[in-house]
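Spelled out, the chains give:
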Amino acid sequence: MSTPAIRFESVSKSFGAKRILDQVSFSIQPGEIVFVLGKSGMGKSVTLKQIIGVMRPDAGKVIVEGKDLASLDAPGLSRIRRRCGMVFQQPALLDSLTIFENIAFGLKSPEFRAARAQEGKPALDSDEIDTRVREVLALVKLEPEILQLKPPKISYGMQKRVSLARTLAPGPSHLLFDEPTTGLDPITTQAVNLLIAELSRKLQVTSVVVSHDMGCALRIADRVLVLDQGRILIDGTLDAVRNSNEPLIRDFLAEALEHEQAQTPGAPL
Amino acid sequence: MIALERAGKSFDGRWVFRDVELHVARGASACLVGPSGSGKTVLLKLIAGLHLPDAGRVTVKSNSVGMLFQQNALFNSLTVLENLLFPLRERKGIEGPAAHQRALHFLESVGLSGTEQLSPDALSGGMQKRLGIARALIIEPEVVLYDDPTAGLDPITSRTIAQLIRRLQIENGTTVVAVTNDMHRAYELGDTIFLLAQGKLTRGGCEKEVRESLDPALRQFVRGLQEGPLS
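Chains A and B supply the protein sequences, listed in that same order.
To convert a position in the first sequence, counted from 1, into the numbering used here, add 31.
To convert a position in the second sequence, counted from 1, into the numbering used here, add 10.
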């Protein structure tokens, strides 16, 4: 087995008296789509924040691409962060910029230029930026006609896609999604799911998806981690989840299975 | 209790919806579903009187309307208890021991007894939502409007909230209009479900009728299909 893309070794994290993660260990292989599920307040977002090193564990190790984040200096940590693309729950686009400028924003940043310089590569010129923006726009299935529009002029579903394109532009190896479908209507939810699955396969990136939505996990995940009371309740394949007798998992599954059945073409609702 | 007759609303010359017909009887509950940006919250604000219609008529046969906003709109500078005392004093003129007793009763009814002296930001998302519900209900409104009351909550917490809203609606005999994007919650919240999409309001009916509906837009929405009239 190759070096895991992401590995937690006995990670603990508390806020005040409340222990959010209690000696949590897991590994995620490069290219895997892993869903991290759990009720609100069970440490899902804390897990994501530890992967990009914006939050440090109280004990244990967070290892990304074989490197213990605690052992890295600031430039080392910055290099790892650039390998990770974070997709937030809200599109968080800049309304004063065009769609093109929003997607190109990261490519023009001093941090991105410095990172390329470290790798001995020159900064992207304007033609290269233009090409890259159009490439990632096509990946999220949007037409170039929208590039000169401002975000408020496009639908919310399209804004979600643009935000994903912006994350993809610098070429991350790992995508971290923070509740990508929360609050979305069923059609947009399904569209975002299909996009995550397709991009992960096409670009061979690792995808870690923090979510409440077991239905999404059942459709696109390779593996599911369920966090509860600071521990991993289950770390397994979709079959392991479907066959679990844990009451919490059964509870999460109940609605998801009904929805899954509804999605089957021709099935009665 | 609530009647929208050929109601329409536009912003900057663009119609969000037109010719909307919605009638909600006293003590009944209606649930609006629809794609993001279809105008569900705008429609709710029309009923609340926060927006005026640009066409048609909106009639609410009560001056007593409570609204739960999506973000709860709690005061973090006040304690949980003070958040409930505030609308009692400001809107009903009730103060002193009577107000205190009523606040404690509502906290108990939403399962928040014991949190009186905490700040709302010390509560979990689900608890804040329950406090928001108690605050909307404490003035004992005849009509309660819920804007996406379970958004962002995990499915187990959101089911608990939907059941709480339903129980309080039945106990108090209130008229409810709720907005959600989650069909499971829609079935729990509304006697009748309506789809607002592409500027039109379509009556879906009760859960069974919605599930069996042959309306192409409703079928596409409920099933989350990528192909259909809403794409």
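One or more hints might be untrue.
As a list, the in silico BS3-like pairs of lysine-lysine whose alpha-carbon atoms are at most 30 Å apart [stated by the list, open to error]: (1) Lys102/B x Lys55/B; (2) Lys172/A x Lys92/A; (3) Lys210/B x Lys172/A; (4) Lys184/A x Lys71/B; (5) Lys184/A x Lys55/B; (6) Lys181/A x Lys55/B; (7) Lys49/A x Lys92/A; (8) Lys98/A x Lys152/A; (9) Lys55/B x Lys218/B; (10) Lys210/B x Lys181/A.
Far from chain B, some chain A residues (derived; all Cβ distances over 10 Å) [said to hold, decoys possible]: (11) Arg112; (12) Ala154; (13) Leu155; (14) Leu178; (15) Ala228; (16) Ser231; (17) Ser275.
Worth flagging that the hints you see were computed from the coordinates, not collected in a lab.
Each residue gets a CB set at the ideal place from its N, CA and C atoms; glycine is no exception.
**Study point:** Contradicted hints - numbers only
**Key:** Per hint list: 2, 4 violated.
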